[in-house]
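Chains as they are written, first to last, in my numbering: chain A, 422 to 802; chain B, 7 to 244; chain C, 12 to 363; chain D, 3 to 320.
FYI, nobody ran anything at the bench for these hints, they're computed from the structure. This structure is a prediction, so every number in the text was calculated from the model and none was measured. Every residue, glycine too, gets a C-beta built ideally from N, C-alpha and C. It is possible that part of the hints are untrue.
[Stated by the list, open to error] Here are the computed lysine-lysine pairs in the DSSO-like style, where the Cα-Cα straight-line distance is at most 30 angstroms: (1) C:K163 / A:K613; (2) A:K612 / C:K163; (3) C:K91 / A:K612; (4) A:K487 / A:K716; (5) C:K91 / A:K613; (6) A:K644 / C:K163; (7) D:K78 / A:K791; (8) C:K91 / A:K560; (9) A:K560 / C:K163.
[Unchecked claim] Non-contacting residues of chain A with respect to chain D, defined by C-beta distances greater than 12 angstroms in every case (computed): (10) G485; (11) K487; (12) D516; (13) D559; (14) E590; (15) S713; (16) T799.
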Amino acid sequence: MRLSRALALTTLTILAAACEKRTSVAETILIGHVGSLTGSEASFGTSTENGIRLAIEDINAKGGIKGKRVAAKTYDDQGKPEEAAVAATRLITQDKVTVLLGEVASSRSLAMAPIADANQVPQISPTSTNPRVTKDGDKTRPYVFRVCFIDAFQATVMAKFARESLKLERVAILRDVGSDYSVGLADFFSKKFEELGGTIVSDQSFKSGDQDFKAQLTTIKGKSPEMIYTTGYYTDVALLARQARELGIKVPLGGGDGWDSAKLFEIAQGALDGSYFSNHYSDENPDPRIQSFVKRYREKFGGTPDSMAALGYDAAHVAFDAMARAPDLSGPAIAAALAATKDFPGVAGVITIDADHNAVKSAVVLKIEKNKARYVTTINP
Amino acid sequence: MSGNILEVSDLRVDYGGIQALRGVSLAVPEGQVVALIGANGAGKTTTLRALSKMLRPTTGTVRFLGEDVTRLQSHQLVARGMAHAPEGRGIFLNLTVRENLELGAYLRRDRAGIAADADKNYALFPILAERRDQVSGTLSGGEQQMLAVARALMSRPKLLLLDEPSLGLAPQVVQRIFQVLREVSESGVSLLLVEQNAHKALQLAHRAYVLETGNIFMTGTGQELLASPEVRKAYLGE
Amino acid sequence: MTFLRQLLRSFLPFLVGLPLLFAFHEALRASGSQAYTLLLTTVGVNVILAVSLNVVNGATGQFSLGHAGFMAVGAYTSAKITLALAGLQLSFLPVALSDQLFFALALAAAMAVAGLAGVLVGLPSLRLRGDYLAIVTLGFGEIIRSVIENMKSLGQATGLSGLPLRTNLVWVGAGALATVVMARRLSVSTQGRALFAIREDEVAAEAMGVDTTGYKVRAFVISAAYAGLAGALISHAILLATPRMFTFVRSIEVVVMIVLGGLGSITGSVLSAVVLTLGLEALREFQAYRMVVYAALLIALMLLRPQGIFGTHELWDLKLFKRGGRKPTAAGGPGAAGGPAAPGAAGAGGTP
Amino acid sequence: MTEFLQHLVNGLSVGTIYALVALGYTMVYGVLKLINFAHGDVYMVGAFAGYYLSDLVGVRPPWADPPPGAGETFVKATIVTMGSMIICGLLGYLIERFAYRPLRHQARLTALITAIGVSFLLEFGFQLSPLVRSPIEFPPGPSPRVFPALLARDGYEVLGVNLSNYDIIGLLVALGLMLGLQWIVYRTRFGTAMRAVSFDSQVAGLMGIPVNRIISWTFVLGSALAAAAGIINAVSRPRIEPLFGLMAGLKAFVAAVLGGIGSVPGAMVGGLVLGLAEEYVAGYTDSSYRDAIAFTVLILVLLVRPAGLFGRLTVEKV
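Given only the sequences and the hints, what does the whole structure look like? Please build it.
Laid out in structure tokens, this is it:
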């Protein structure tokens, strides 16, 4: 019986720890962040988290919001949707956060969205690009927003650029079948590119974390495309680009904002020269806001911020802006203020929230030359 | 108490609450053959396994060549001169006959001596010589038993623990094995023998112990026990 | 008479349990605190997963690493049904009741389809043993996920979203209860004895005339069906079914639960599912360190109590702990050491 | 035809890595009958050890100014590889000694769970942000690191097929290691002892074989092999991150089972077959079913030959 008592005690202790109530200090505004700090997408969640921390430093340096300091509470979801849902619930119901930030991936944001709506706590996703994130059927979710492009816009930008500026006829697609971001982008691109009269000569896929892409690349090479549009994240794209060059593929690659990271160039070592990708901003942009963000990020965390960090930073600032404008800090008030966000100057573009709670902002197209991204053009929505 | 190569006192083994050995004490005098007889489940095999550390005894002390070896591991006992040919033969069926023999001499470094001993064993069991490069899984039961004895001898033991060397063998093979054991014993190796075939064992043994439900029930010289009516009734089927 | 009594014994837990669950559910709703609903749902789902996996792993000694695959089958089957029936209503019933009726239908279908998938995975078990079987089950899980990831109609990587909220604590509790009752009935029935015989010694079991192959497939089917139920419940709690929820890491988590609880012990599985789920939640504060702590705890727990929390015992045989002494420790090597825990001692069969 | 041959080269290149990791898997399994779940993570640690060592010995990339001479490169590459093999050998020893040995007489599933625990510990431990900054940043954190150019890449084009010295060296090293292992297992005293322990460790003890030491050395050897694989892979695919051992470990395990677990040539053949099967499937059909196909091939092979291609089905001991 001693054993059973010990077990019961352990269980109770754990339960107690799990259910421990936190009293929020009245002077502090708590915002919650759900991100993948561990697991296969840990690097993205960590970037976002870094961006958010930087934003919080900013706002507190300016004296906070409505005279209150801002603090953040972050929970790891290991890249699992169920965990994201549980973490979001805990942030809202126990930690009583005012605003919820997250998640990087659409599938996790989708798991959090109903909870945000049900509890009337605004959720801002930094990078979830799937159109359905802010939608509940045909209705717009009242409390869910995002500060990034949606798939359709970014894909259209690249399809147009490839078709009209580069005058390409034949493009091959290489998508990451395990990532909703990549699949969504590839689908929209292929639709748009064909609408514009181009041909998709091959549609291949890989899975994030793969070490070898030569099988797909060899097949693509046989179809002799003029560009390979590959919608993965930088971690995979850089390796993939090297292997493409090793196979003697000389055509440019194309991609989206998932490419944006200093690591891309570090790994690719020039293999991406001549390639194009769409992004929110260019870190060449002399805008002092952007330059100061990049500089401070480098000092604090080492390395150049990627788009996940920039969007995390923007998501937090958009939230602060709305909180400052809102008459009070209740969920509905903040949500209303968020919906009214207009021309907010983020580091990743000027953000206006539209009726569907998506960010409307311009995209830039960057070209990689000598292992560096160079600004080519800006495309407005 | 010199003259005993092995002295065991109060050896106990528990199997999950069941006492398999309840305090066995015995001794093997140098150069002699000692037999352990008893019914199935009396604890004979357990005794041997506890002595060679295939099992960890709960309590008790074991002295081998005057040294307390209670805490040593199997391979350390082999290094000190104790060999154990286990029940069910314990042949490495995935290895050849030659490799099995070589493993018997694992701790020896004298290549010439090993080769000589192997040849001696091949002479003792000519059938093994014929099959030396066969995987031992293809040997018959009797051949495997011979291999087990031969392999145990390869370490040049001072004491050889033998578990049921005659189990399931044809009468001529049993004859052969016992003949070899007699020769081994005469060459100065001490033997601790567990046998179902009590008659043969007692004939060979200088001394014998009768085990019953984990206890030593009787002891005496081989001849005394052969003559004992109780033993004759219980173990010799008379 | 015996049949009736057996039937009653099977239903008794529900007669007692369901009203309690309803009461708890209503109390929680009345208090306005939904804070723990989702957490308790994951606890319940993990209980279902662990106990159902134990039917295969614990009872036959074969381990399956494809449980997440069956969850996925259940989740997608039920999600397709609830999505298709979303706007419909049985006119003679109030909306809520009609919805729940449809959900019951979806759950039943989830179990059926997952059970069918279980047949597919169970069949190779006729030819394969031990680790070979484990890797094949893992492979099936991955194949299922890979197929989902590639099917446009299943939403590929994004999965199916916008599912109606149907799962509540009554469903989860009832599901967990049903799983436990199923496992308990199975372990005391003659069929259960056969399964235990397979675990102890398959060769001997066959020699004794036990139809090991039939039982193995059946164990797989039952276990898969309940995993499907778990998948359906969790997806209607977080309103989403994506391939990410059903990776092989998920399968491994369930294996960890049952080994930690004690192979073959139903109460052990239940308890460790509860403890691990809540424990991980308690560790959430540690952020990235959480999984490191979890891993270290896992190793430490296994070293301290290798037979699992309960060994092969059940809560109801706790008294037996006093009598059962130490098991023999073989000093030799690894190959020989086989089955867990004390030989023949009590076990879950209930007859000491 | 060119495309077919190119796929052949690619497939062999990937298969080589699977084979190298599978060799260690198969050895450990052969002796302990334990799925060393952490083996893939040891492979990962091997790559990171190489990364840090390269940094410490100052490996310069071929495009450095002035570029390193061939001699310098070779010496440093050898130091890095050997060093990483030693580090992983030690890691393997520690894992066996403290996580597996205490459980050796328990049910095998128990050891599997600690193996999973060790695997998680390494994966998530390496994902933590750096606690130490100098002389190395450790742990490395979740974002990928770039493995230094230990060896300059030479690409060749033969009949329109692109291949490189990496592929050739990898394959040769793998073949060499396989032959070496085969020699150890079948021609040395240690190997005979290993096979004896694998068959029946208790009886092996009765032969005077120090069972624990043999098992430790098997782990050391297997882990060192994993380190070699980690470095060979990282040289040609220079992105390393804490989780990249997970899938490689899984695939290698599939390869080992495919070849017949416990068999050294089986691991080699299994690895190459798996690499080629994936390659051709990905190349000629729908590439997204790549992983599914790997497992389908495995299941089909096992249904026809339940003990793998080279495995012997041993009768279970009664």
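**Study point:** Hints violated by the structure (listed by number, smallest first)
**Key:** none
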